[in-house]
Amino acid sequence: MSKRILIADDAAMMRNMLKDMLTKGGYDVIGEAADGVEAVEKYKQLKPDLTILDITMPNLDGIGALKEIIGFDQNAKCIMVSGMGSQATVIESIQSGAKDFILKPFSKSRVLEAVSRLLGK
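According to the numbering used here, the sequence shown holds residues 760 to 880 in order.
These are calculated hints, taken from the structure and not from any lab test.
Among the hints, a few may not be true.
As the list claims (entries may be wrong) - Derived pair list, reagent style DSS-like, types lysine-lysine, alpha-carbon separation capped at 30 Å:
1. K803 - K867
2. K783 - K867
3. K803 - K778
4. K858 - K783
5. K867 - K826
Note that the structure is predicted; figures quoted are calculated from it, not measured.
Start from the sequences, fold in the hints, and give me the full structure.
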């Protein structure tokens, strides 16, 4: 059975690009969210093996969503994605429970390497 992934990004183009990369990499994208609130709801509903969260999203940012997801499931595997990778943001993400931090623009190989390291493939 392939590993199940949830993608949360407010930009539909980014969600589609990630979905395409992951699907071609043999993973099953089981859900998408356009903001942090939706990401938390979908995580609880779908219980994915991995969640990819953009940092900058409306209603609830990625770090807020990450904290809620980790609060709900301390074993959750989350990768943060952002175009603005200030050192403080990266540190806050990792301290909040993120397993990796990927800077935009990213390569397919960087995304698949991070996902396979966390999920195995």
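Hints and how they fare:
no.: 1; hint: K803 - K867; result: holds (27 Å)
no.: 2; hint: K783 - K867; result: holds (10 Å)
no.: 3; hint: K803 - K778; result: holds (20 Å)
no.: 4; hint: K858 - K783; result: holds (22 Å)
no.: 5; hint: K867 - K826; result: holds (26 Å)
Checked against the numbered hints above, the structure violates none of them.
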